[in-house]
Each structure stands twice: as C-alpha cells, then as structure tokens.
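Number of protein chains: 2
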Amino acid sequence: MGLVVQKFGGSSVANTERIKNVATRVISERDRGNQVVVVVSAMGDLTDELIALAHQVGSNPPDREMDMLLTTGEQQSAALLAITLCSMGCPAVSLTGWQSGIMTDSIHCRARITEIKPDRIKEELNQGKVVVVAGYQGISPQGDLTTLGRGGSDTTAVALAAVLKADICDIYTDVDGVFTADPRIVKNASKLDVVSYDEMLELASLGAVVLQPRAVEFAMQHKVKVQVRSSFKLETGTLVMEAEKMENNRVVSGVAHDLNVAKVALFDVPDRPGIARAVFKALADANINVDMIVQAAMRDERNDIAFTITKDDLPRALPVVERVCREIGASGTAYGEDLAKVSIVGSGMMSNPGVAATMFAALADEGINIQMISTSEIKVSCIIAADEIERAVNALHAAFNL
Amino acid sequence: MGLVVQKFGGSSVANTERIKNVATRVISERDRGNQVVVVVSAMGDLTDELIALAHQVGSNPPDREMDMLLTTGEQQSAALLAITLCSMGCPAVSLTGWQSGIMTDSIHCRARITEIKPDRIKEELNQGKVVVVAGYQGISPQGDLTTLGRGGSDTTAVALAAVLKADICDIYTDVDGVFTADPRIVKNASKLDVVSYDEMLELASLGAVVLQPRAVEFAMQHKVKVQVRSSFKLETGTLVMEAEKMENNRVVSGVAHDLNVAKVALFDVPDRPGIARAVFKALADANINVDMIVQAAMRDERNDIAFTITKDDLPRALPVVERVCREIGASGTAYGEDLAKVSIVGSGMMSNPGVAATMFAALADEGINIQMISTSEIKVSCIIAADEIERAVNALHAAFNL
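Listed in order, the protein sequences are those of chains A and B.
For the first sequence, numbering that gives the first Met the number 0 gives the first residue as 0, with consecutive numbering after it.
For the second sequence, numbering that gives the first Met the number 0 gives the first residue as 0, with consecutive numbering after it.
Be aware that one or more of the hints could be misleading.
No copy labels: a pair is met if it fits in one copy or bridges any two.
[To be verified] Straight-line distance between alpha carbons at most 25 Å, and here's what the computed SDA-like set of lysine to any residue pairs gives: (1) K310 to F279; (2) K19 to L45; (3) K19 to D47; (4) K232 to Q55; (5) K128 to Q141; (6) K19 to E48; (7) K121 to R111.
Just so you know, the hints here were simulated from the structure itself, not pulled from any lab data.
I would like the entire structure built from these sequences, with the hints used as guidance.
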C-alpha cells in the first residue's frame, strides 16, 4: 500500500461543486489502494477577502493577528472537504496545521516549518481515514498560529510528503503543468513532462509560480517526487525530480517572467569591507528577501549597489534603505517599480557556452534595453521595462526553439 | 483596577463598521481603568452560512467536522476586533478557545466546559493588552475543536468571568435588556432593571433567549454578576443577580414564550418501575434534551407519557422513540410540531398562591386550549397551539399587570 499526498489550491476548492470534484479524485486515489493525505488552500478568493476586511479596520494590521484571521480559510476548506468525503462514504478527518504537528518559527505571515510531528496524522491514517490537512499554517513555539506566506500550502504538502515518506506529492492546480513559457503570453508554449528540482526552483523563483519556491527547496532536500497537474483534467502533469534521473537535460527548458519586481539603488557606497553586509543584513532583519544584486565597477573608491525585491516588500524596504544610506554614508538612493524580470532556465545550460549571448542578442534584436543581469549555473535573468515583457518572452521562446 | 468581561453577539460584530463601534466601547471601558477581556461571536449570519455550505456537500455532516468548520467564525471576529483595537492605539491580542485554555468534554456541537486554564489570558492582561477571545468554542481531551452549542459565546463569557473573578460580565446584545415579555409581541412590554438568576434561568430556558441557559447556570453557581445590555445604546441594561440581594421580588416578572417546541407521546406504556428511566435514558444517550414531561393517570395498569423537546431535535429523536416504544411494549407513538410554550416567571411566585389559577383563567377567557402544563417553584408553563401564542402572551401580560 502506497501513500500519496495531494494538494488542491484555492481555485480547485472555490465552491461546493468543485469540492465534490476534489473528493472524487481523492476517493479514486484511495480506491487504487493508497493511503491519502490531502492538503487544501482556502476557497477561491477568501484569503484576499479576509485581507480586505482587515484593511477596512486597520491600515497596518499586526502580522500575528493577520495569521489568526487567515488560518480560518484553510480550516474551513479542510472541514468542508472532510464532510464531503464522509457523505460520499469515505471515512475522513480534517486537521488544522497545529493538529497536524506542523511546528514553525515565530515569524508571522512568512513562518518557516521547523519540525513536523506527524503522530496524529499517522494515527488517523492507520484507522483507515483520509486525512485532510489545512494548508499554509502551523504553530509557533509560543503557541500562536502562523502562516507560511503566499502559496504556503505547497510547502505544507511537500513537507508532509517528506516526513511521511510519501510515494508522490501531487500538486493539483488550475494549469496543466509546467510550461516552456506562460501560455497566456506565448501562444505555442508547450507542457514539459519533466523538470529537475533546480529548474523548477529557478522557474518558481522567477515568477512562473506554479509551485512555491520553498516547497521546491523542501522537495529537493528530501528528494520528494512532486507532480504538478490539473485538478480539472485526468492527464498527467509535469514531474519534478532529480536532474540525474532525467533522460536528457535540455539546454533551455523554459522562459520565465515576473512582474512583481522593484529595483533599489544606493549611490556612492564607500568601498570598504562590511558595507554589503550592512546593507543586506538590515534588509534580512526586516524579513525582506533580496533577489538580484549588482555592484557596479569601482569609481573613485566608491561603488553603486543595486538590487531587486518584490514590489510588495517595497513599502517596508524604503525606511530600512534610507536608514542604511545615512549610516554607511552613501550619497543617495533611487527606486524603480515599472520593471519586469525575464529569465531562461535549463539544467543543460552549464555545459553549453553561448546561451547567455544568444539571450542578449534576441533581446537586442527586439530593441529591448537590459537594466540588470544576473546569472546562475542553470539560468540567466535580465531586468527590463515592464511594458516590454511580452515581446521579450516571445522572442526568447522563439530564439531557443521551445 | 477592576476586571470586566464583555461579550458581543453576532449582530454587534456583523460588519466592520459595527466592529469599530465595539472597539470604541472596549476602549472606553479600559479608559475607566479596567482590564478588559472581550468575547465575540461570529459575524452576523456567518455561522448559518457555514452550516448551509456544509449541507450542500453532506446531508448528515459529522459533528466533529461541523465544529472544525464553525469555530472559524469566532476566530475571524476575534482577529478583526484585535486588529481594530490595535489600529485605534489600544494594545490587543486575539485568542482561540484552546489558546484561552477552555477545556471541554468530547461531545461535539454541544460540548460542556470542564475546566479553564487562564494562564495565557492573565499573561496578556498583565502586559497591558485587551484580550479578545473567540467565543463558543473549546478543545476536547483528544485535542479536537469543540463548540458549546447555540449561544455558546454567552457561556464562554460567564465562565471566563468566573475563573478570572471579574467584577462584572457585560453581555452586549441587540436588545436593551430583559423585558416583561417579547416587545415584538407585547407593545407595552417594559425593561426589567434586575432579575434573579433563577428567573433568568427560567426565562432563558423558556425561549426568551437573551442569554444561554447554561451561561445563567454558570453565573448562578459562581455568583457572577451579569448585565444584559444593548451594544447600540449607552443606557444600562438588566442586571442578573442573587434573589436575596434584590430589593423586592415580584410575583410575576415576565411572560416568556417559545416556538421551538415539539411534543412526543408514547401510548399505553406498561406500569412498572424502570419504564421512565428506559425512555429518558435512551434520549439522554442520544444527547436530546427533554423539557416538560407529563405522565397521565393510570388506566388498566397502563400509562401515556408525553414530553416536549426542541423541534430541532425531533428528527434525531424519532428513531430513538420508535425503538424504545418497541422495547418497552408501548402501543404506539404520536408527534406534534405546531406547538408553542407560554410561561409566567417570577421569584415571588412560590409564596403567592393562586398564580397558576390566574394564568389558566386568562387563557380560558381567550378560548385557548392548554395541552400540557408544567410548573416549578418560580414558573408555570403551558403548551398551546402555535397560532395562539401572540394572543396568549398579551393576555397574560395584561392579567399580571406587567
């Protein structure tokens, strides 16, 4: 008997009809002789609606209280799915994050899982029940409810799959799998049958958010076999696995883009050790994730440092950056919001020179100016103007024959 | 420095405007130098909406899962009120039932509080915070979420007031207090300044549900001073206290009525010891509360037994009654639903003979037939046809010069 973890996102449980559809999929997995743990998100736009309510009563709601508010959404879906399963003759029980033993740190709204104690889940599975877990949430050492940030239910599912040693973690979503580019932008984008953890991690980080980056990290660390698939169709989706086990590594697997990008620049930063640390430690302390970092060439013993963060984090980053600017004696700051990131990703890239050059040429041929460049072993990213993103993605999709 | 527990019902927190109004009342209590614990219900009709959702996916949803679903409503209100208070400059923290240390038995959907461990609440109060507790809920010994039944937030508030030794427990509601009769039915019904626990208990049990009966029991046992008052007006409401401390005891304080009444009759029940036990133990085992019980005079060594339950419980009672009927060898059963209960309540009644006779005369003068009668030291109740209830209440209100 196998063990399967299934995760259903908000659109898959948006109303009671869809919840019944989910229950049918859960039961068919169980009928194949597998134990099933299901992780659910909040129904449809409920999380956004709750956030809107909170902003009606408080302009700057405390993170702890937001977590109290938002964790109710997943708890509701979990209870409703368990009720549906029971009414269809399938024994089921719903559990909150803390009942599932999901322990996190105390950083509200973006907590990290520190440990999972799956005793209760195992006990319920052993009694022949399907266990429905409220995704996206856990409990802090202080006994407070925490959430794992946007897309956190993916992380819940993969982490549970890891600790329960599940055979597979199926992530059901409203897309058919991972594509060579966003099908809404590139008409002939095609579905990938398989991607490596590394590729998926880059794709996820780059805004092709079919899977939360932290979930991919977790899967990679614990070698959890993950499949991204449609909750509305029966076809298989995209399998995420170790690159070594893949039959052939494509040079470029896909083109990703991200419009949630803001740029911050610090001018005339003194050229001495510890400066970068001062800048980025202050941001880390404020829990702001920095993505790309570019340091320009030395000029009169002073540097310019530029980096990108998500647009969402910009309001919180501004006071931190201004303070650091004064502290380190930089001459000034600048911010940019109308930006986008376009990236090519492929695990075969590292053994194929000239990939970056092909990318830059394709963008240049379209007359698109590159503002920042960042590379890793399996991806190249460029920051460009937001209104050029559609042309950029299509040009790159064509240039690499995807 | 005093300690005040405030409870706000669903209509008082029905939308964000009203939640702000609640926050204002909380803050003014705190400004008087008191520590404040606030207990909230779910927003407006949310509980009913969640129940409707559950019934869309399952005709007979498991009680445990209903509790998982419904506890989210109070958690949302608590978080939103805490956010509102914080944004108005008042430090506040919201707690779920289990975070507040409210331990219950395992009877889902109608759990009873077994113990309260208020350590977390005291800790937060000592830090100068207003503590907002999600009402209506607790945690079972198995670690499952439980609810206390309809109106359970009242019980949460009174139980917290008892364990925290609060100076007063203010129950804010959408009525001005306890009235001599339902003002919607009797035009000149007047507000009572004070009622005894006993009177309130009878009134609450009799359908004048401004306060959950279990909450009144709790208040009586622990001598908690309770005030029922309007959340929309500033006037004082009705104080519920010990009869001994009241200045004068009225013969009849009020007329109560209840339309949530169903009658069950068992015919030709054998006249031997243990029969009543067999009938009512079976109902108790099914968690069905029996209200009035009438056993008719003996006839050929066989009796008829009739009793009333709430209409809501009738579907669950039917199979139990049919089974008991066969087991004890009764000749048959009958059920009635178009019924109502009308009652007069007053703690001075026990020392005033003739009160019941006045009641029966008033009903007879209106041509209203009495189907069942039940009396206690401080009340007389009659079961009549539902469509005669309005005339009955008005006649009694006049007969006792209320």
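Hints versus structure:
no. : hint         : in the structure
1   : K310 to F279 : within (17 Å within a copy, 65 Å between copies)
2   : K19 to L45   : both (18 Å within a copy, 22 Å between copies)
3   : K19 to D47   : both (23 Å within a copy, 21 Å between copies)
4   : K232 to Q55  : between (39 Å within a copy, 24 Å between copies)
5   : K128 to Q141 : between (30 Å within a copy, 17 Å between copies)
6   : K19 to E48   : both (23 Å within a copy, 18 Å between copies)
7   : K121 to R111 : within (22 Å within a copy, 29 Å between copies)
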